[in-house]
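K.L.:
The chain contents come next:
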Amino acid sequence: MTECCTKDNDNKKKINYYIPFLLIPFAVLIYIFLEQGVDFLVYGIFKLDRSTHLTEAIRFFLYDTPKVFILLTVIVFVVGIIRSYFSPEKTRKALEGKPLFAGNVMAASLGILTPFCTCSAIPLFIGFVESGIPLGVTFSFLVAAPMINEVALVLLFGLFGWKTALLYASTGWLIAVVSGWVIGKLKVERFVEEWVYEIKAGDFQVEDSKVTFNDRIQAGHTAVVDIVSKVWIYIVAGIAVGAAVHGYVPENFMASIMGKEVWWSVPLAVLIGVPLYSNAAGIIPILQALLEKGAALGTALAFMMSVIGLSLPEMIILKKVIKLPLIIIFVSVVATGIMIVGFLFNLIY
Amino acid sequence: MKIEILGMGCATCNKLEDTVRLAISEMGIDAQIDHVKDIKQIMTYGVMTTPALVIDGVVKAAGKIPTLTDIKQMIGGK
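Quick mapping for you: the protein sequence lines, in order, are chains A and B. Just so we're on the same page, the working numbering is the position in the first sequence counted from 1, plus 313. Just so we're on the same page, the working numbering is the position in the second sequence counted from 1, plus 173.
If we strip away everything but chain A, and leave its shape as in the complex, we get (with noise of 0.2 Å):
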């Protein structure tokens, strides 16, 4: 046994399932305190001039960078304990013998909770479709797990209020129900590459040793310390660029190109971020300086829901279990839906 390999392991140490309880009030304090404090840090102790650009850019990074931390590891906390009642086996379970409207509906609201990463995306859909699942309840997951995840609700909720975060999640919710419904409507089961049909899977007993409580909180632990590792730079980073935008680039810049008026904003921000790829935490910040330069609201949406929901690694992964008809039926129809949302957030803001 060499001395170098015994530290890295046992990476994931154990917390005291209490310390988080603890902690969250605290940052529920700073969070409330936060807008004075940052004013009286720049105004106060500084003694920056109110007027000027540069005492906004610095203002708005000081303030949104530990907001939006705070919000973020105290929501993946929360969601890392609820996704630990779920799993892809147990949402599979759930799903079998569901008729096709009401599978969409159960799929796109279990593709929210259950923990999925897009390279596990084959064995789901295999395990899906080799246990008789709809070929359109399955997409319905698909577009769901993605689309809605907790760090861009949360960046949601943080830059632009609980209105928006909402609007976000049930428009998204509703397109993943009904793209999926219309992709089983097609009947586009010969899209499928042959061999997953002959997959004989095996039936796998989860060794269901006991979860306890502190498990849970194991759970929710590591979640915050794999995602805010992962995503922490993209968050600095494009706050930094809104802070600049924030500061520099004049009001309404952006609403002659992407602005309510201009309808085919919204189908251009389409194909531009399908073929993007970043997660929610890179795309945010920067649609919030968009959308304060003028960019309208269903445009901005109808962006960061093509870029974070349809992702071209996603396709190029799926492309080994189906034919390129039906990843273009999938891409359009969940693409239309998109761009339908978008038309009618312009029209209604």
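Keep in mind that the hints were calculated from the coordinates and are not lab data. Mixed in with the good hints there might be a few duds.
[Unchecked claim] 30 Å max Cα-Cα, derived DSS-like pairs, lysine-lysine:
no.	chain 1	residue 1	chain 2	residue 2
1	B	K245	A	K380
2	A	K513	B	K188
3	A	K636	B	K210
4	A	K498	B	K213
5	A	K403	B	K237
6	B	K213	A	K632
7	B	K213	A	K500
8	B	K237	A	K406
9	B	K210	A	K632
10	A	K403	B	K210
11	B	K188	A	K403
12	A	K513	B	K237
13	A	K513	B	K213
14	A	K633	B	K245
15	A	K633	B	K210
16	A	K411	B	K213
17	B	K245	A	K403
18	A	K636	B	K213
19	A	K406	B	K213
20	B	K188	A	K543
21	B	K175	A	K543
Dock chain B against the given chain A, drawing on the hints supplied.
P.N.:
Frame of chain A; chain B shown alone:
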């Protein structure tokens, strides 16, 4: 003892393999380690998330990397 790691070559799958190798070397156990990358073969175990850890044909964990201590327990506790 036969230990299989199911995974289609993702980063976490490789990390699981490293951790398993470390576990058996620390325990001084002689085990055969296979990294199964073929999706058809992976599906025969019925798992829907990777990486998964299979010990002597029994799926012990799926969709996550167990800690070194947990892996040792899984190996030792059979």
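K.L.:
A separate judgement is required for each hint: does it hold in the structure or not?
P.N.:
Each hint, compared with the structure:
no., hint, verdict
1, B:K245 <-> A:K380, "violated, 40 Å"
2, A:K513 <-> B:K188, "holds, 28 Å"
3, A:K636 <-> B:K210, "holds, 21 Å"
4, A:K498 <-> B:K213, "holds, 28 Å"
5, A:K403 <-> B:K237, "holds, 16 Å"
6, B:K213 <-> A:K632, "holds, 15 Å"
7, B:K213 <-> A:K500, "holds, 25 Å"
8, B:K237 <-> A:K406, "holds, 20 Å"
9, B:K210 <-> A:K632, "holds, 17 Å"
10, A:K403 <-> B:K210, "holds, 24 Å"
11, B:K188 <-> A:K403, "holds, 26 Å"
12, A:K513 <-> B:K237, "holds, 24 Å"
13, A:K513 <-> B:K213, "holds, 9 Å"
14, A:K633 <-> B:K245, "violated, 35 Å"
15, A:K633 <-> B:K210, "holds, 14 Å"
16, A:K411 <-> B:K213, "holds, 26 Å"
17, B:K245 <-> A:K403, "holds, 27 Å"
18, A:K636 <-> B:K213, "holds, 17 Å"
19, A:K406 <-> B:K213, "holds, 21 Å"
20, B:K188 <-> A:K543, "holds, 16 Å"
21, B:K175 <-> A:K543, "violated, 34 Å"
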